[in-house]
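J.: Below are the chains, spelled out letter by letter.
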Amino acid sequence: MKYRKVTDNENIISFKKLDTRTFKLLQPIDNEAVVIMTRKLAKNAGFQLTDEVMIATAASELATNILRYAQQGEITVTIIQINDTHQTGIEIYAQDQGPGIRDLQMAMKDNYSTSKMSLGMGLPSVERIMDEFEIESELGHGTRVLTRKWC
Amino acid sequence: MNNHDFELQGQILNQIPTTVIAVDKDFKIIYANIAAAKMTGVKSQEDLLGKHCYDFSHNKQCRTPECCVFKAMEDGKMHSTRGQTSFSDGSIVYIEQSSAALIDNNGNIIGGLEFVLDVTQRVLDEERLAEQSYTIREMSTPTIKLWEGVLLLPVVGVIDSDRAQHMMDSMLNKILETSSRVIILDIHGVASVDTAVANHIIKITKATRLMGCECLLSGISASVAQTIVQLGIEMGSIKTTSTLSDALEEALAIINLEVISKK
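Going line by line, the protein sequences match chains L and D.
Position 112 of the first sequence, counting from 1, maps to 112 under this note's numbering, and the rest follow consecutively.
Position 157 of the second sequence, counting from 1, maps to 308 under this note's numbering, and the rest follow consecutively.
Among the hints, a few may not be true.
[Unchecked claim] Taking lysine-lysine and the DSS-like style, the derived pairs with C-alpha atoms no more than 30 Å apart in a straight line are:
1. D:K202 - D:K228
2. D:K179 - L:K109
3. D:K211 - L:K109
4. D:K222 - D:K202
5. D:K296 - L:K24
6. D:K357 - D:K414
7. D:K189 - D:K176
8. D:K176 - D:K194
9. D:K222 - D:K296
10. D:K211 - D:K228
11. D:K211 - D:K189
12. D:K390 - L:K24
13. L:K109 - D:K202
14. D:K222 - D:K189
15. D:K194 - D:K179
16. D:K176 - L:K24
What the hints contain is simulated information worked out from the structure, not anything from laboratory work.
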């Protein structure tokens, strides 16, 4: 199942990757490295402080989801640049081999969660913060989230 | 393939600093390299030949269906395991063992291959790292008595559910101990406030309020404030301030104290 949101930048075809980091998520403390490095990469990409914090928060949401539902997975954060305009941005790619999401449409709504312990705001928040957002999930096979924000 | 090639292959296998053992279907050793002899503590490779592999090294999986050589011989795939292994000379090491099936020219599985790495140092390093992160965690949730009736908990780093639970315990115990009326939770040093962290904070403030202690949230920077708005979390019921000194002023007001400058 797939859910996709792409904004004005839909026409962007070619961009290159400038700097990339991959984080393995195995235990809760691994979240820290994701947040700190994402902030650093966002800063290097040229984002303002507020956007920097927001992008790191989005990465943290995705990391929290992986650790909470799939127990382990991977997050790759990349500085990207459009070839023509040299506009830079950040791409976050999160993947896991966890249980998958049963209902993506519901998962993308505010205040919906399968866990009693959480607010159910994680995924919609990531969608709000980022410009492009794509999530793909298969029951029993895991979830992949690809998301970008441009400067 | 000529003799020279065979000789070279033998030399390569013997000089690999990794234990390589081949066993037949009864787990009798049909080949062992020099590293295998060294690891098991026998004089030469020949001493191992024809004997059972489990006579020389023993771990929990030995002679059970969990043994990775057994599994490899069953399905022909590669299997690996990690754990403590004791050798016949009494030494105990942490090993990482990978096994594959030994297949003859006709494609039949005739035995198993084992390659073993000594990872004792790595395991010890990992244990030390885990201990250190635990220590840091313990240190990073101190509840400080700021004034009679006022507590402060500065939070640095990342809040996950373990730590949130730890913070909650620490705060509630201290509130009970000191009969405090106000507690300031300073999140200035928190790396990111995501929905999970916000949820933990909301729960902590609810719990403290149940104990008759107002919880003030301080250290909310401009960017964190905007992020919380963007996340869409309702934190309206929590008293928040941007700086710690504002929170202190508020706290003192709650316990009916006032700071007056000396005349």
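J.: Which of the numbered hints above does this structure break?
T.: 2, 3, 5, 6, 9, 12, 13 and 16
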